[in-house]
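Here is what each chain is made of, one letter per residue.
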Amino acid sequence: DAGVIQSPRHEVTEMGQEVTLRCKPISGHNSLFWYRQTMMRGLELLIYFNNNVPIDDSGMPEDRFSAKMPNASFSTLKIQPSEPRDSAVYFCASSRDRGLIKEFFGPGTRLTVL
Amino acid sequence: AQKVTQAQTEISVVEKEDVTLDCVYETRDTTYYLFWYKQPPSGELVFLIRRNSFDEQNEISGRYSWNFQKSTSSFNFTITASQVVDSAVYFCALSDTSGNTPLVFGKGTRLSVIA
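Quick note, the sequences are listed as chains A and B, same order.
Once you know that position 83 of the first sequence is 83 in the numbering used here, the rest is easy, because the numbers rise by one and skip nothing.
Once you know that position 31 of the second sequence is 31 in the numbering used here, the rest is easy, because the numbers rise by one and skip nothing.
Just so you know, the hints here were simulated from the structure itself, not pulled from any lab data.
Careful, some of the hints might be misleading.
To be verified - Dumping the calculated DSSO-like pairs for lysine-lysine here, alpha-carbon to alpha-carbon at most 30 Å: (1) B:K70 <-> B:K107; (2) A:K78 <-> B:K3; (3) A:K24 <-> A:K68; (4) B:K70 <-> B:K3; (5) B:K38 <-> A:K68; (6) B:K38 <-> B:K107; (7) B:K38 <-> A:K24; (8) B:K70 <-> A:K68; (9) A:K68 <-> B:K3; (10) B:K107 <-> B:K16; (11) A:K78 <-> B:K38; (12) B:K16 <-> B:K38; (13) B:K3 <-> B:K38; (14) B:K16 <-> A:K78; (15) A:K24 <-> B:K70; (16) B:K107 <-> B:K3; (17) A:K24 <-> B:K3.
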């Protein structure tokens, strides 16, 4: 079975540029989570969706961040404009309610904003 | 609110030593799940265990064992006879039992096993 797929795996961009991170959850999973990992703050939840609907976006740092889930098999996290402090590893995870009750994590996208 | 505390930021042991990673949690839920994840230097998050709050039996898997004590809100992880390949950051996490809410992670403990 394919796990959670994230692209790109690495992204280097310049301050002010738009960045789009992509995630394909595991087929049949109906919850999708975006986490960010930094040295200072550890693993923090940015936003999560249930059945393609955003449930809690209180972790999104500011208006520069936006996330969408247009269908059950695809989600994007966009940063516009990007700033150096956005440099982090961004993980996508998916799960199925009342299923295995664990989150399957993607490999992460390492973002560097110069 | 849910909270997970991993007080040990970094631990260094010599190969073959036993090591215990501490995890203390806070939750108002009567049922919940506790997790441990491993993050090796390659960066991916590897699931190790999920424990239901109503099951307080200790669990052993090879060199790994977990001690869940509801009375002290702790879910500690012990590696017996540590190996260099165990070097990683280990995260403890907590969630409710619905399966569709996020995990709350501790800050992680960086374990270095020295040959």
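Okay, the hints, checked on the actual structure:
With a CA separation close to 21 Å, the supplied pair B:K70 and B:K107 stays within the 30 Å bound. This hinted pair checks out: A:K78 and B:K3 have alpha carbons roughly 28 Å apart, not beyond 30 Å. Annotation: proposed proximity of A:K24 to A:K68 holds, straight-line Cα distance about 12 Å (limit 30 Å). Restraint check for B:K70 and B:K3: the C-alpha separation of about 15 Å stays at or below 30 Å, so the hint holds.
Proximity of B:K38 to A:K68 is assessed by CA-CA distance (about 29 Å); at most 30 Å being required, the pair is judged to hold. With a C-alpha separation of about 12 Å, the suggested pair B:K38 and B:K107 falls inside the 30 Å cut-off, and the hint holds. For a cut-off of 30 Å, the pair hint linking B:K38 to A:K24 stands: about 22 Å separates their Cα positions. In summary, the hint linking B:K70 to A:K68 is not supported, as the alpha carbons are separated by about 38 Å, beyond the 30 Å threshold.
Simply put, A:K68 and B:K3 have alpha-carbon atoms about 27 Å apart, close enough for the 30 Å limit, and the pair holds. Taking the CA atoms of B:K107 and B:K16, the gap is near 26 Å; set against the 30 Å cutoff, the hint holds. Of the supplied pair hints, the one linking A:K78 and B:K38 holds, its CA atoms being roughly 27 Å apart against a limit of 30 Å. Pair hint B:K16 plus B:K38 holds up; C-alpha atoms about 19 Å apart against a cutoff of 30 Å.
Simply put, B:K3 and B:K38 have alpha-carbon atoms about 19 Å apart, close enough for the 30 Å limit, and the pair holds. Proposed proximity of B:K16 and A:K78 is contradicted: the alpha carbons are some 45 Å apart, above 30 Å. Restraint check: the Cα-Cα separation between A:K24 and B:K70 comes to about 36 Å, which exceeds 30 Å; the hinted pair is violated. Between the alpha carbons of B:K107 and B:K3 the distance comes to roughly 10 Å, so the proposed pair stays at or under 30 Å and holds.
For the hint pairing A:K24 with B:K3, the CA-to-CA distance comes to about 29 Å; that is within 30 Å, so the pair holds.
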